[in-house]
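Visitor: Input sequences plus hints: build the corresponding full structure.
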Amino acid sequence: MKILLVDDSSTMRRIQKNTLEKLGHTDVTEAGDGAEAIAKLQAGAGSYDLVLMDWNMPNMTGIDALKKIKADPALKAVPVIMVTSESEKTRIMEAIQSGAANYVVKPFQPETLAEKIAAIKK
Amino acid sequence: MPIAIRAEHVNPFILSNLETFSKMVGVEARPGKPILKHDARLDYDISGIIGLSGKVIGSVSLSFPQATALAVCNKFMSANLKEMNGEILDAVGELINIVAGNAKKGLSEFNIEISLPSVIVGRNHRIVEPKGSVGFVIPFSSPLGDFHMAVSLKPA
Amino acid sequence: MASPVKVEHINPFVNATKVTFETMVHTAVTPGKIMLLSGSKLNYDISGIIGLSGGAKGTVAISFPRVTALKVVSEFIGEKQLALDETVKDAVGELANIIAGAAKKDLTQYKISISLPTVIIGENHKVQGGKEVMPLLVPFDSQFGSFHLVVGFTSEV
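Protein chains in written order, with my numbering: chain E, 1 to 122; chain V, 123 to 278; chain A, 279 to 435.
It should be emphasised that the hints constitute simulated quantities derived from the structure, not laboratory data. On a predicted model such as this, the values are computed, not experimentally measured, just so you know. Hints are not guaranteed to be accurate.
Below are the EDC-like pairs computed for lysine to aspartate or glutamate, each with C-alpha atoms no more than 20 angstroms apart in a straight line [as the list claims (entries may be wrong)]:
(1) E:LYS22 with A:GLU353
(2) V:LYS253 with A:ASP363
(3) E:LYS17 with A:GLU353
(4) V:LYS155 with V:ASP268
(5) V:LYS159 with A:GLU364
(6) E:LYS17 with A:GLU364
(7) E:LYS40 with E:GLU30
(8) A:LYS389 with A:GLU434
(9) E:LYS116 with A:GLU300
(10) V:LYS159 with V:ASP268
(11) V:LYS197 with V:ASP212
(12) V:LYS155 with V:ASP165
(13) A:LYS389 with E:GLU30
(14) A:LYS311 with A:ASP419
(15) A:LYS349 with A:GLU434
(16) V:LYS177 with E:ASP64
Guide: Structure follows, in structure tokens:
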């Protein structure tokens, strides 16, 4: 699985990358904000199988990046899991309605992330 | 249009600090040239820090060597304390609170809110700004000694 | 004279710390008796501090002695940490960030915004609050050692 990991915190990227490696996913690309994520997706259109997206980031937020991805015919098929500390129901609804495949709230156990990724693979 | 943090965003904090020192500490502080935080190699004995949120998020801090903190706080409170104690810490917290609060009006485009202050005491501590923020250190000189202000900002 | 932080304002931070450590540091932590800051006997080598503003004002600090910080961050990141370097500093800031974000959930009536975390490094430093409210200290015990949460919070803004 080719995964794009998007978070402005290098600590959070490291943690998720380690979880992904333990699950056997070693093809992980990182991006530090929504704009960089879109650029990387467009450069490798069709090759990413999953995006893990933080919400609050500079330049372009995760929710705006999600909306852009779903509006782009070349990219909209890529599943996006939001990984974020935004936990209010209205935010979760907004993410799902904007096309997020799933949602992980920080703090999270590695198992939770693993389960949600496994659900995508099916 | 993403917000870009620029050196001029530090100016409201500099002006606020000058005003606070002039009006409330009763001495003239003089700012030096701001330097990028990661280039600064500085150790402090006492720091007051306050968080900022709004369209930009970040923090602003005032950091002093012990002797300067004592001199500044004694002048601020019209006291004659000889060593660091709770009152000095309170005074440092109050100073950063005033400086930050007063800086808000110069940053109205960012709708800044300030948090409660924290005060750190410990010989030779360093303040590390968060990754992804633009950090500036502004050295100040005053008749009571030199000290630093640090401002770190990042678009929200 | 400032009054101490209210119990109902402290609890969200205590719970947020427990959940954050359970899920992301994979360890149970036990909060001890909440005390006034002046009662602190622990000296810290690294602290992550984050400000809260908006409908309430606050400050949250998580403070560790060096050895505890290294063990906690090693478990948090999944890689052994040997020194209080950039990685550890960033991780401590991130922990403060996650705890504040999680506490925010139980304080929605205040519409809180969170600032950026600041990390302090210095052997044997102490963290103190300002005059508006008396911050409270929550000591925590864990298999990695003891650490402290210092919370200042006031809804009188």
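Visitor: Mind checking the alpha carbons of E:LYS40 and E:GLU30 for me, to see if they're no more than 20 angstroms apart?
Guide: 9 angstroms, holds
Visitor: Taking only the CA atoms, is the gap from E:LYS22 to A:GLU353 under or equal to 20 angstroms?
Guide: 14 angstroms, holds
Visitor: Given the hinted pair V:LYS197 and V:ASP212, is their Cα-Cα distance within 20 angstroms?
Guide: Within the cut-off at roughly 14 angstroms; holds.
Visitor: Is it true that the CA of A:LYS389 sits at most 20 angstroms from the CA of E:GLU30?
Guide: Outside the cut-off at roughly 32 angstroms; violated.
Visitor: For the pair we were handed, A:LYS349 and A:GLU434, check the Cα-Cα distance against 20 angstroms.
Guide: Roughly 38 angstroms between the alpha carbons, so the hint for A:LYS349 and A:GLU434 is violated.
Visitor: Quick one, are E:LYS17 and A:GLU353 close enough, alpha carbons at most 20 angstroms?
Guide: 14 angstroms, holds
Visitor: Can you confirm whether the C-alpha distance between A:LYS311 and A:ASP419 stays at or below 20 angstroms?
Guide: Status holds; Cα separation ~11 angstroms.
Visitor: Is the hinted pair V:LYS177 and E:ASP64 satisfied, with a Cα-Cα distance of at most 20 angstroms?
Guide: 16 angstroms, holds
Visitor: Mind checking the alpha carbons of V:LYS253 and A:ASP363 for me, to see if they're no more than 20 angstroms apart?
Guide: Holds. V:LYS253 to A:ASP363 sits at ~13 angstroms (cutoff 20 angstroms).
Visitor: With a cut-off of 20 angstroms on the C-alpha distance, tell me whether E:LYS17 and A:GLU364 pass.
Guide: Status holds; Cα separation ~18 angstroms.
Visitor: Taking only the CA atoms, is the gap from A:LYS389 to A:GLU434 under or equal to 20 angstroms?
Guide: 13 angstroms, holds
Visitor: Is V:LYS155 within 20 angstroms of V:ASP165, Cα to Cα?
Guide: Holds, at roughly 18 angstroms.
Comparing the model with each earlier hint shows violations of hints 13, 15; every other hint is respected.
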